[in-house]
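Under the working numbering, think of the first position of the sequence shown as 95, with each following residue one higher.
In case anyone wonders, no lab produced these hints; they're calculated from the structure. These figures come from a predicted structure and were not determined experimentally. Note that the Cβ used here is the ideal one computed from N, Cα and C, for glycine as well. Be aware that one or more of the hints could be misleading.
Derived Cβ-Cβ restraints for the label pairs, each shown as a range [as the list claims (entries may be wrong)]: (1) Gly-326 to Pro-296: 19 to 27 Å; (2) Thr-333 to Lys-175: 15 to 23 Å; (3) Ile-330 to Thr-210: 38 to 46 Å; (4) Gln-202 to Asp-312: 35 to 43 Å; (5) Gly-191 to Pro-296: 51 to 59 Å; (6) Gly-191 to Asp-312: 24 to 32 Å; (7) Arg-273 to Gln-202: 35 to 43 Å; (8) Thr-333 to Asp-190: 21 to 29 Å; (9) Thr-276 to Asp-312: 42 to 50 Å.
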Amino acid sequence: MDIEKDPNRDIEQTKKRTKWGCLSWAAILLFGPIIIFIGIFSFEMFIKEKTLVISHSPNDINTIEVVEKGQPAWFGPSLVKVKYDSKHIERSVKNDGKILRESNFAIQWENDNEATITIYGEEQYSDVIKFNAKESFPFQGSEGSERELGSFTFMTSESPNLINVIELREVSKSKDTSRYSTVQIFYGERGSVLEKYKEHIPSDTYTTDNFRVYWKNDEQVKVAVIREKDSGETYIEDTIEIDLSK
Numbered sequence: 095m096d097i098e099k100d101p102n103r104d105i106e107q108t109k110k111r112t113k114w115g116c117l118s119w120a121a122i123l124l125f126g127p128i129i130i131f132i133g134i135f136s137f138e139m140f141i142k143e144k145t146l147v148i149s150h151s152p153n154d155i156n157t158i159e160v161v162e163k164g165q166p167a168w169f170g171p172s173l174v175k176v177k178y179d180s181k182h183i184e185r186s187v188k189n190d191g192k193i194l195r196e197s198n199f200a201i202q203w204e205n206d207n208e209a210t211i212t213i214y215g216e217e218q219y220s221d222v223i224k225f226n227a228k229e230s231f232p233f234q235g236s237e238g239s240e241r242e243l244g245s246f247t248f249m250t251s252e253s254p255n256l257i258n259v260i261e262l263r264e265v266s267k268s269k270d271t272s273r274y275s276t277v278q279i280f281y282g283e284r285g286s287v288l289e290k291y292k293e294h295i296p297s298d299t300y301t302t303d304n305f306r307v308y309w310k311n312d313e314q315v316k317v318a319v320i321r322e323k324d325s326g327e328t329y330i331e332d333t334i335e336i337d338l339s340k
């Protein structure tokens, strides 16, 4: 015996399906654009890559490309990738939130395999990356590492018989956004290229009068760092001893 269908029940189910269908479409129409906007915004801010510089080696053997990844948030740093083939190194560039341009980068090729990449930002010191295509990982230079900005010799002293020499050089350095100076005391044979050195980190400003050089003989020398107290009394802050026979 067939059970008669309740027409009221069918009508009620149809109303429910219609109601849920309308709610689903309303949710899609309401939240769909928001989801799409968030997706596009995230892609533009964090993923999209924009080519800033393409540089070829002298004989077009190797190519370095610099791209900006995403966009800087507010006045935050920009993220860039320096690319070569499938390898890359990332750098953050503090440029006061401004758009990065080709002028923020300099690529100097020494030959077809070696180059120096310099990154400039308005709120940072220049960031230098060394490139060598023959290395397994071609980029050298750690972000946040100490970098030398320049140096000059402010004092020279020769050994008693003019065999050896020492040079005191002020070396300007930077790390992140800080800048400071150290004193490097180079030593070696007179007339040669001086490569070995010992380093002194000054506690305060100084002049040549703060350094006294004492040669014991042609191979042993001592550099004393002299400071003066408020009372006018002098004292030795540091002593650097060098043995040129080693």
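Right, here's what the structure says about each hint:
Our hint of 19 to 27 Å for Gly-326 and Pro-296 holds, since their Cβ atoms are close to 20 Å apart. The hinted window of 15 to 23 Å between Thr-333 and Lys-175 is violated, with their beta carbons roughly 48 Å apart. For Ile-330 and Thr-210, the hinted distance range of 38 to 46 Å is satisfied, since their beta carbons lie about 41 Å from each other. Here the CB-CB span from Gln-202 to Asp-312 is close to 41 Å, well matched to the stated 35 to 43 Å.
As the Cβ distance of Gly-191 to Pro-296 is approximately 35 Å, the hint placing it in 51 to 59 Å is violated. Hint check: Gly-191 to Asp-312, Cβ distance near 58 Å, so the stated range 24 to 32 Å is violated. Checked against the hint of 35 to 43 Å, the C-beta distance between Arg-273 and Gln-202 comes to roughly 23 Å, which is inconsistent with it. A hinted range of 21 to 29 Å is violated for the C-beta pair Thr-333 and Asp-190, which are about 45 Å apart.
Checked against the hint of 42 to 50 Å, the C-beta distance between Thr-276 and Asp-312 comes to roughly 27 Å, which is inconsistent with it.
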